[in-house]
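Engineer: Chains as they are written, first to last, in this note's numbering: chain A, 646 to 1061; chain B, 646 to 1061; chain C, 646 to 1061; chain D, 646 to 1061.
Don't read these hints as lab results, they were simulated from the structure.
Check each hint, because a few of them may be wrong.
Treat identical chains as interchangeable: a pair holds within one or across any two.
List time: in silico EDC-like cross-link candidates among lysine to aspartate or glutamate, alpha-carbon distance up to 16 Å [what the hints assert, rightly or not]:
no., residue 1, residue 2
1, LYS825, GLU757
2, LYS1028, GLU846
3, LYS978, ASP909
4, LYS878, ASP963
5, LYS741, ASP786
6, LYS878, ASP894
7, LYS978, GLU737
8, LYS978, GLU787
9, LYS1028, GLU706
A quick note: this is a predicted structure, and the numbers were derived from the prediction, not measured.
Number of protein chains: 4
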Amino acid sequence: MTIFADILSTVFERRYRPWGPARRDSRPIEAVVADLIGSTGEVSGTGLARQIIDRYGEMEEDERLAFFRHVATDLAIVPDRLRMALDAYEAEGQSKETYRAVMAAAEPPRQELIRRLNQVPGATHALVQMRADLLRLARGDEALLALDLDFRHLFASWFNRGFLVLRRISWESPAHILEKIIAYEAVHAIESWRDLRLRLEPTDRRCYAFFHPAMPDEPLIFVEVALTRGIAKSVQALLADDRRQLASDEADTAVFYSISNCQDGLAGISFGNSLIKQVASDLVAALPGIRTFVTLSPIPGFSHWLAGAHPGLTPASDKQLLSLAAFYLIRAKREDGLPMDPVARFHLGNGALVHQVHARADTSEKGMRQSAGVMVNYLYDLKQVAQNHEGFATAHDVAASSEIAGLAAAAEKITT
Amino acid sequence: MTIFADILSTVFERRYRPWGPARRDSRPIEAVVADLIGSTGEVSGTGLARQIIDRYGEMEEDERLAFFRHVATDLAIVPDRLRMALDAYEAEGQSKETYRAVMAAAEPPRQELIRRLNQVPGATHALVQMRADLLRLARGDEALLALDLDFRHLFASWFNRGFLVLRRISWESPAHILEKIIAYEAVHAIESWRDLRLRLEPTDRRCYAFFHPAMPDEPLIFVEVALTRGIAKSVQALLADDRRQLASDEADTAVFYSISNCQDGLAGISFGNSLIKQVASDLVAALPGIRTFVTLSPIPGFSHWLAGAHPGLTPASDKQLLSLAAFYLIRAKREDGLPMDPVARFHLGNGALVHQVHARADTSEKGMRQSAGVMVNYLYDLKQVAQNHEGFATAHDVAASSEIAGLAAAAEKITT
Amino acid sequence: MTIFADILSTVFERRYRPWGPARRDSRPIEAVVADLIGSTGEVSGTGLARQIIDRYGEMEEDERLAFFRHVATDLAIVPDRLRMALDAYEAEGQSKETYRAVMAAAEPPRQELIRRLNQVPGATHALVQMRADLLRLARGDEALLALDLDFRHLFASWFNRGFLVLRRISWESPAHILEKIIAYEAVHAIESWRDLRLRLEPTDRRCYAFFHPAMPDEPLIFVEVALTRGIAKSVQALLADDRRQLASDEADTAVFYSISNCQDGLAGISFGNSLIKQVASDLVAALPGIRTFVTLSPIPGFSHWLAGAHPGLTPASDKQLLSLAAFYLIRAKREDGLPMDPVARFHLGNGALVHQVHARADTSEKGMRQSAGVMVNYLYDLKQVAQNHEGFATAHDVAASSEIAGLAAAAEKITT
Amino acid sequence: MTIFADILSTVFERRYRPWGPARRDSRPIEAVVADLIGSTGEVSGTGLARQIIDRYGEMEEDERLAFFRHVATDLAIVPDRLRMALDAYEAEGQSKETYRAVMAAAEPPRQELIRRLNQVPGATHALVQMRADLLRLARGDEALLALDLDFRHLFASWFNRGFLVLRRISWESPAHILEKIIAYEAVHAIESWRDLRLRLEPTDRRCYAFFHPAMPDEPLIFVEVALTRGIAKSVQALLADDRRQLASDEADTAVFYSISNCQDGLAGISFGNSLIKQVASDLVAALPGIRTFVTLSPIPGFSHWLAGAHPGLTPASDKQLLSLAAFYLIRAKREDGLPMDPVARFHLGNGALVHQVHARADTSEKGMRQSAGVMVNYLYDLKQVAQNHEGFATAHDVAASSEIAGLAAAAEKITT
């Protein structure tokens, strides 16, 4: 284990010393791109790649858009070339060489461009940021969205689960990582370093993040966990400064109360599922007393749905409010048959089930606005996760506790 | 920098604890493979992938061959499906969705299989070994060779230069790494731990290897370097136990006297070029006194060529022998116009030039047999490397010193 | 080097698991102390030591005072026993055994007590804090002050320069270390994490601390350094947010603008001298462009001295103010012949010389109050440090630049 | 935990760059020593200390002896000075100042010399080696033996249990550490790297060592452990290449089969007791299935004792042989009442009990010679260790199993 640390303590990207300074061309960037794709070896390639990355970094938005347009349009596949390769592949009996030609024609040159840009030490993060720009600039533009598919295809390969590293984030973590945790927290904002400390240092708090070895300073996704006795019913209570802290071996439940993606440029590459399972697996090994894994999750679409489905309805009681929330979570569906609530889709897709709903669980302004204060626990039952997932994936079956099912049934009787 | 070590000191793959033990199916492996490719999420996927890797590991050669045949044949692209996708792509004006369909049809399911197998922590090395098996078993089988192209395509992406880590190997390195250096040394065999120590510990010796973060216990390629005053002319003198050791700051020359690839399963993924340049770059920063970077290289094809080109010729003198060697290196070409000698092709392709040849430079049995004891220095001149590479890559120009050019010219006058 | 990290990554103290929980006695602590000193081996010793440390940790101030009184009084040397041992030592010709008896009688049992308490992993920091308590409680009590000499004697041995580790503190350092830097900064207060970041992250800032391996979470002393072109004349300018940041290789001067001791319990164990020299030595190796090492130091006693020496005097000009400051620094002496100013004593004792004084150099409320805004640069001239030190140590010679000497001479002509 | 590694990854001693090269005096070393002891600060001190260490390193044996003689004789305590200080201490009522004078007079200047030598980074190991020289050269010389008491006194403080780091030694440990394990193994010699590997790599083997942070490349003591089912009865069976290896969680017993001290210069500073207990404590936490901790120990004095106590006796049976061995272990005593066997004294002093004896347990030439092949298991019973230790330490009670007691009783009936 230490060997790994040992091996990697040499961070190439930070101490890389090129053979002379990166030279800049006066040529248009399109010419440099063509040169990089056409170059026969790494010798000149790395210098060209560095130049493109550096120049991209200094571009204005409109220049970036022009750059993406060029790459999307001029470095796309050539259908006729691919058809010819396919013909030869079939005619000549699927040999190695004919297959190689199909592969070459089926892959647009822009994929090779992205791979070659990545030869530059430190380039991976730059490419992730490049894709974030692309996603922002692409809106509606089909050619750019197609280009994005190439980025995403390569990133899915590079950020394969097998390459990620799980790392506990604690009050002993480096400050420059912690400031990113503060910045990236998307669910329950962290207001200050003191606030951060309260989420990391107490014995009943945990935080874990995935990292990629080529981006060691950038968390990809992180989850915040509270260790509790019994299932948490209120996020304000959970985060209260003056709560009684538990010793970690007193806890019987791990509550995942916040999951945040950190990199816009990795949109569509899913890490959350792996993260929750890896963390649960690690916690159960370290703290055998923990038997229950739940979330304490927002229901972001509830108020909006309620206003549309039952205009003017003001729930008469907590009971009624919770019934409606349960109904929304497990019965309100999109056209494709999946649950309307995005957080529900995420956890159900992971194999969790809808376990409990709680009123006055998030009394923040945001919590009241989006879900009238209601929150939900999704339960990760280790023995049922695979089966739940299967049912959801194949038949859109929504797993729920009998309590939730009962509440949802009661909701049907509510009239405006 | 230490942060990076810190982040990665948690090696997931070694402490990974699955949600219960990997279950084994009684189904044929083809069914499990189909299941893995078809699975909609990671939940069941990782378990299936683990099962396939475990079962593959226990297979006999013929079972492995059958497994590869299945993957090569049944998980290939379907040309008609790809043609239809292409038609739609052109007809509908190259939208994101039509492009996505082309990508899906152009990539054989076996690529997705390999990627999903790699989700299992630790699987990367298993996949590299799987490809080594494939290369051994494929000989001549076009379908299997086509399958290998898919492995190679993915590995080129995974083992991108930007993901590799350069690491010095020293007498303070872990023993389980060092024993692999002993095992993998391909040029000048290391006979014992004592012999190894003599190549690592002295102040005028260096050794560097590339590693991949997902295979921290496996060097990918390594180079052994001797720091000298002046250019080495004999490998036996270079490696002699009783030579005078230099303090590292006395040296003016770095001699790369051995480069060894370690992983059969990474054949065709070239690291040597990057390795030499990175090491040269690091050495020049650490030891500014070093101004010359050369190899002391074998000429593996010389004797064989000489016997064919000049049957019965016994060189009358060292001079004549060296003339013939110089001629062989820079004039003897294959049909494709590239030099006949494989080591020459490697270094010339990197941008080095043929600098000097020496008689009685490798008096080992192997050295006498393959090149009559002659060795060659390829010179890496930092200012000319890019230009040399370009000339070689585009016009097959072989860069050589005037000394070598003169020797080669003299060789033309030698008659049997 | 990584080996060292590797070896030490196992922090015994944090994962130490005793053979069963520490048992608590109902006996008075004096009895447990007696038992620990008398115990013949470590077996029971560690448990007793742990018990004492735990119980001490829970004591109120008056109980701690009683504890110290007991240790100071009842575990002191016994003069008659020492005299007898001395007699035997001389009578029997200074044998090993008679010397051993002298050693045993000359060392008070309380030193052995402190050493045995330190057998408990993690105890070192607890003992340092114990001494901080002692120093606070001892005021004026000769017996307790004598006990403190024993602590100090042992700490001087344990915190020997050879055991300390210099460590750069950066924005990548662990947050729990950084919060201590904020807390311990004694010269120019750090107001917030943002303020801290401005002292750590810019390319022209450095911070270094000494650590002891047995207290890895506790800096012992740290120094903050600004890299500048030319000698800094104002601490507000030096720390200004909107200053132009230098690339580190543009700098020609390193300004030590703050040195803070962190551990009250290590009072009298001097680290500052070593720290400055080690840091200067490291900087000169890493950044050869840096040729000048100076401080930008407060003159804490100037205003007080001025009010006493020249009651009612208001300097008529900057020139006059600086003359008086220069005079104060190099001419105003205590009865023992040493300079009146404590900071001057520290740097002159290290071998620095008084180089320049600046008006309006610290315009903070504290700076105006204690020295009318004047600050001083002490110069560490590597070639003269040993000689300056010698002169100061043996003859109280104060080294100063001719500029300072001239200013001080001019001060003599100032009359109230 | 990683923080600690992080902090210490900067190994000061290896990158220490003094302010200019260490200067050499032409003065006799006695003058340099006097200068170092008399120096008032560290400024010149470190240079002087370095000079002394360097010059010592180059001395011949006779020069070293002369050096030790000087230090032993001329830097000893001055009894009259100490008597005067004692008088003042009592007369003036034990003030801080009078106590300081006693401390100063009671400590010989040579202790301060050793401490100041240790200010040089890396000096700790040099001082340990210096003491090894002293012990070798001192034989019988009372003044030198007295000097050794000062070394030992300081080392006991520096190598306090609280400063040591336990580290597992594995096949992934650095080669330069492993070669020291090979060299220092004192009980069952390690013949080769292959042999070493067989003691480190199998799942049922462990090795642990203590290190001191200031000597990270030097193990102080190490223990080799075999994990077994049931108590091992033969060291050859235990070490056999072809034994069935256990998975670590199959084991119920940990057998400490070899403990080796590594540093002659730390003679008399006991680590073995702490090491065994720390390792047992770590093993029980990591492998809860392990319930029994025993040694498999040689009985080095048995044959010698038997030849003296029962001249000419050849045991008639294994039973008789074991009876005699049991008798020897628990009944044969030295004049001071302690067991004759040195290994027995060590483990009994640690609180172990004599558990079983086995015939044909060490059939090596050495084993047959020193104990007729008999070996013994000492049992570390966690619940009785403290009590056993107490009985042994205070009343020389030897703890033994009833089996051993019975065997010893039977021995009394054996007549020659």
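Engineer: Which of the stated hints cannot be reconciled with the structure, identified by number in ascending sequence?
Structural biologist: 1, 2, 3, 6, 7, 8, 9
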